[in-house]
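There are 2 protein chains.
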Amino acid sequence: MDKINNDRQDIIEDKSDLYIIKIGGNVIDNSENLHNFLKDFTALKGYKILVHGGGKVATQLSETLGIEAKMVDGRRITDIETLRIVTMVYGGLINKNIVAQLQQFGTNAIGLTGADGNFIRTKKRPVTTIDYGFVGDMDERSIDAANIKRLMDAGFTPAFCAITHNGEGQLLNTNADTIASALAVALSKLYNTTLIYCFEKQGVLKDINDESSLIEEIDPKRYEELKEQQIIHSGMLPKLDNAFTAIACGVKAVIIGHAEKLGHLTENKTFGTRLINNA
Amino acid sequence: MDKINNDRQDIIEDKSDLYIIKIGGNVIDNSENLHNFLKDFTALKGYKILVHGGGKVATQLSETLGIEAKMVDGRRITDIETLRIVTMVYGGLINKNIVAQLQQFGTNAIGLTGADGNFIRTKKRPVTTIDYGFVGDMDERSIDAANIKRLMDAGFTPAFCAITHNGEGQLLNTNADTIASALAVALSKLYNTTLIYCFEKQGVLKDINDESSLIEEIDPKRYEELKEQQIIHSGMLPKLDNAFTAIACGVKAVIIGHAEKLGHLTENKTFGTRLINNA
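Line order of the protein sequences matches chains A and B.
full-length UniProt numbering applies: residue 1 is where the first sequence begins, and numbers increase by one.
full-length UniProt numbering applies: residue 1 is where the second sequence begins, and numbers increase by one.
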């Protein structure tokens with residue numbers, strides 16, 4: 001290999017570390033847990049992106065306004081009224097309160113939907129037997145990684161809520177887990193990317209009722225076995241499917257663990273279940 | 001003057017143009033007017049910042065939720081419930097729909113509160129005879145102009161709603177006119193800044209009921225005369241006071257005019273009332 005190629009390889013391998021960290025509703029619904037999580041997030045050095053889901057507030061507001069929450073197969077049907085509510089709650093109330101707290105702790109956060117900066121452009125899910133309403137589906141071109149990098153290079157830490165747009169003026173409700181993994185895949189071309197799902201359990205458990213039954217590491221082969229043995233429960237399946245797809249597409253590792261344990265990363269300790277690719 | 005000083009002066013005078021454009025509730029409440037305005041905003045070349053107020057949606061949502069809007073001297077009292085509503089409506093619903101439309105037209109907008117990027121830090125208004133609640137007051141250090149410049153240099157167009165923060169995790173409701181003028185003053189150190197207030201009238205009118213009675217230009221001396229003659233009505237006074245303060249602090253000019261006429265700027269035509277400093 002000649003000198004030029006060597007240099008080139010150095011440049012390609014000399015990528016900065018990036019953590020993409022997703023928190024779910026259970027962290028958001030408890031103000032003390034959220035406070036501690038955002039402190040730990042701030043302590044983590046280097047490039048990082050926060051992605052957050054909804055929580056109970058959207059459902060509560062819908063109920064107060066007399067708008068019935070419609071669910072099919074565990075997914076919320078987003079009619080126009082529900083879209084208004086999630087835009088208010090996810091994009092306004094939750095996102096901006098998270099940003100204000102991050103700023104308090106010293107993270108120079110900017111709260112975002114996928115419409116901001118045209119960072120995440122999706123397509124409205126086609127109507128088949130079910131009309132999901134204003135729900136955005138991602139594809140491999142949805143994320144504008146270069147534009148997100150420009151924002152981070154300027155010194156800002158993105159905090160995404162689970163709303164995207166179609167590029168034609170329409171906001172769309174989009175699953176936060178999917179946003180996190182799509183961001184991780186797209187940004188793994190520019191960064192050594194670790195994707196972290198923080199939730200209210202210690203990680204992937206052998207016995208869902210036993211927090212001490214944590215599975216510390218899973219590779220694709222073990223994942224197939226765990227599925228066959230029906231050890232992994234239904235709610236975890238989409239999260240793990242997303243995770244292994246992300247790893248297959250260049251993400252360094254995926255961690256699924258308890259939000260309270262995020263601080264372990266700063267102390268170079270492991271936590272939760274680590275998904276890796278041994279292939 | 002020697003060569004170095006000449007160079008220095010060139011650098012100081014060679015500032016880029018910046019337009020800071022504020023739209024009020026009457027533009028936001030009419031979707032066709034808003035659509036046209038955002039198209040005209042996009043057509044305007046160079047650096048620009050959008051600032052938007054509220055509109056009827058916040059009041060309507062309050063009423064639906066049974067939260068009474070409390071007003072003292074024409075100002076909304078922001079209790080904790082009202083703060084939640086304006087954070088949802090201004091920071092979420094209105095701001096993100098504006099951003100989605102701007103992106104549709106080709107403006108690379110990012111929707112912001114003052115908490116995002118720590119761009120606008122205010123102090124909760126002290127309680128005197130009136131407790132205004134969660135309202136943020138600005139001072140000369142509120143705006144982080146260098147940080148806003150970094151965002152614009154990275155290729156993004158800021159779109160601010162009328163919410164700020166205190167830097168200690170608390171969001172605060174803040175008058176949009178005041179935000180616009182404070183941004184203009186702070187950024188006039190870095191840009192040749194023109195501040196534009198777009199609303200539903202042609203500008204400052206001699207007779208409030210006659211749209212053809214537009215006053216095309218006002219300097220501070222004429223402003224004093226117009227106030228003495230009580231030609232300028234009460235609702236216009238804070239806007240003009242803000243404007244002349246901004247001009248005294250380095251803003252090049254302030255234009256007050258109809259939102260439908262913003263396109264005139266792109267065609268190098270004047271519109272509305274132009275406030276200048278002849279001193």
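No lab work stands behind these hints, which were simulated from the structure alone.
Treat the hints with care, since some could be wrong.
Which copy is meant is left open, so a pair is good if it fits within one copy or across any two.
Stated by the list, open to error - Result set (DSS-like, lysine-lysine): computed pairs, CA atoms no more than 30 Å apart in a straight line:
id, residue 1, residue 2
1, Lys39, Lys123
2, Lys39, Lys124
3, Lys56, Lys124
4, Lys15, Lys56
5, Lys123, Lys201
6, Lys70, Lys45
7, Lys15, Lys206
8, Lys70, Lys15
9, Lys189, Lys149
10, Lys15, Lys227
11, Lys206, Lys269
12, Lys252, Lys15
13, Lys15, Lys269
14, Lys252, Lys45
15, Lys124, Lys201
16, Lys206, Lys45
This structure is a prediction, so every number in the text was calculated from the model and none was measured.
Now the hints, each set against the structure:
no.	hint	verdict
1	Lys39 - Lys123	between (35 Å within a copy, 23 Å between copies)
2	Lys39 - Lys124	between (36 Å within a copy, 24 Å between copies)
3	Lys56 - Lys124	both (24 Å within a copy, 29 Å between copies)
4	Lys15 - Lys56	neither (38 Å within a copy, 49 Å between copies)
5	Lys123 - Lys201	neither (32 Å within a copy, 39 Å between copies)
6	Lys70 - Lys45	neither (41 Å within a copy, 45 Å between copies)
7	Lys15 - Lys206	neither (35 Å within a copy, 63 Å between copies)
8	Lys70 - Lys15	neither (44 Å within a copy, 54 Å between copies)
9	Lys189 - Lys149	both (11 Å within a copy, 28 Å between copies)
10	Lys15 - Lys227	neither (34 Å within a copy, 63 Å between copies)
11	Lys206 - Lys269	within (22 Å within a copy, 71 Å between copies)
12	Lys252 - Lys15	within (12 Å within a copy, 45 Å between copies)
13	Lys15 - Lys269	within (22 Å within a copy, 50 Å between copies)
14	Lys252 - Lys45	within (17 Å within a copy, 42 Å between copies)
15	Lys124 - Lys201	neither (32 Å within a copy, 38 Å between copies)
16	Lys206 - Lys45	neither (32 Å within a copy, 59 Å between copies)
In terms of the numbered hints stated before, the structure departs from hints 4, 5, 6, 7, 8, 10, 15, 16, listed from lowest to highest.
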